[in-house]
Amino acid sequence: MKNRNEQAELDDLDRELLNRIQEEVPLVKRPFRALADEYGITEGEALSRIRRMWDLGIVRRLGPILNYPAWGMSGVLVAAKLNPDRLEEARAAMQERPEITHAYLRDHDWNLWFTVIAENEAARDAIIERVRERAGLAEVRKLPQLKSFKLGVRFET
Amino acid sequence: MTTDREFIDAAAKGFQLESAPFAALSRELKLSEEEVIERLRRLIAEGKVRRFAASVRHQPLGYAYNAMVIARAEAELLDRVGESAAALAAVSHCYHRPHPDGDPDCVYIMVHGRKSETVEEAIETIRRLPGVRSLEACYSTVELKKTSLSGVSTDLADL
Chain A
2 MKNRNEQAEL DDLDRELLNR IQEEVPLVKR PFRALADEYG ITEGEALSRI
52 RRMWDLGIVR RLGPILNYPA WGMSGVLVAA KLNPDRLEEA RAAMQERPEI
102 THAYLRDHDW NLWFTVIAEN EAARDAIIER VRERAGLAEV RKLPQLKSFK
152 LGVRFET
Chain B
1180 MTTDREFIDA AAKGFQLESA PFAALSRELK LSEEEVIERL RRLIAEGKVR
1230 RFAASVRHQP LGYAYNAMVI ARAEAELLDR VGESAAALAA VSHCYHRPHP
1280 DGDPDCVYIM VHGRKSETVE EAIETIRRLP GVRSLEACYS TVELKKTSLS
1330 GVSTDLADL
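Protein chains in written order, with my numbering: chain A, 2 to 158; chain B, 1180 to 1338.
I should point out that these hints are in silico values taken from the structure, not numbers from a laboratory. Errors might be hidden in some of the hints.
What the hints assert, rightly or not - In silico BS3-like cross-links for lysine-lysine, where the CA-CA straight-line distance does not exceed 30 angstroms: (1) K143/A x K1192/B; (2) K148/A x K1209/B; (3) K1227/B x K1209/B; (4) K1294/B x K1325/B; (5) K1227/B x K143/A; (6) K151/A x K1294/B; (7) K1227/B x K1294/B; (8) K1324/B x K30/A; (9) K143/A x K82/A; (10) K82/A x K1227/B; (11) K82/A x K1209/B; (12) K148/A x K1325/B; (13) K143/A x K1324/B; (14) K1324/B x K1227/B; (15) K1209/B x K143/A; (16) K1294/B x K1324/B; (17) K1192/B x K1227/B; (18) K151/A x K1227/B; (19) K151/A x K1209/B; (20) K1192/B x K148/A; (21) K1294/B x K1192/B; (22) K151/A x K82/A; (23) K30/A x K1227/B; (24) K151/A x K1325/B; (25) K30/A x K82/A; (26) K30/A x K1294/B; (27) K1192/B x K1325/B; (28) K82/A x K1325/B; (29) K1192/B x K1209/B; (30) K1325/B x K143/A.
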């Protein structure tokens, strides 16, 4: 029986399509026909290859990637020190706010890392403060991105 | 008249994989498909949308080993450290952020591999880059949450 990783194997064309569509999907009425034309395949084949990657969970969304500050929204990465005894309270605090999008425990002195994106800076900070109280976080630091050198994954073909 | 905000709230829910993906939103907002496409193009031109694209998860491809590396850099070499780390194939995201302890000159580097050796090799390469003062490699132990806000892609690097 094949394991999950083997099932998720992609061929070179899949990887080229994946690299292409995470950079840009053409803004035309039939974007997959436009993509198919670039690779000399049919629209149906382009769609079925991308649909397979969607079903495998590799492609998870198709849509606009927003520049949040341009909409007045405010997002930030936060590092904090969580007492491991209060993990469940931290988890509950994360779950109750949709504005908290990712949260991880890491093996570091700063063991709790999460991202918040909210309607504005005040709302963002209120959410961080609420998590700090509920989970009893000893220390909390906002870590603004000062510069981006790379954004996204390229899959080797 | 649909405001940009109403438009983007609807568009941010995401599009279906179908041959005419803009048709559903055009029906919902009572705009033509051309108007939907034009609006997206304008929002990109205005910098309110970075791009129209697919969001990708790498774990299903077997990239099971992940580390967040925090490299403390000499201030004048920080950009070179960031650019060199970003050029590595195993690196997905790379950005300048302060350390939680207050050190402003850190490069955060997300490293992924299908094998632990790939991740370890990339970390050793980063450790030897000129300008790296010291390095911490943190592995995630527990994922507490991973979602998208209203379907909006919120990769760590976007924030």
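Among all the numbered hints in the text so far, which are the ones the structure does not match?
2, 7, 8, 10, 11, 15, 19, 21, 25, 26
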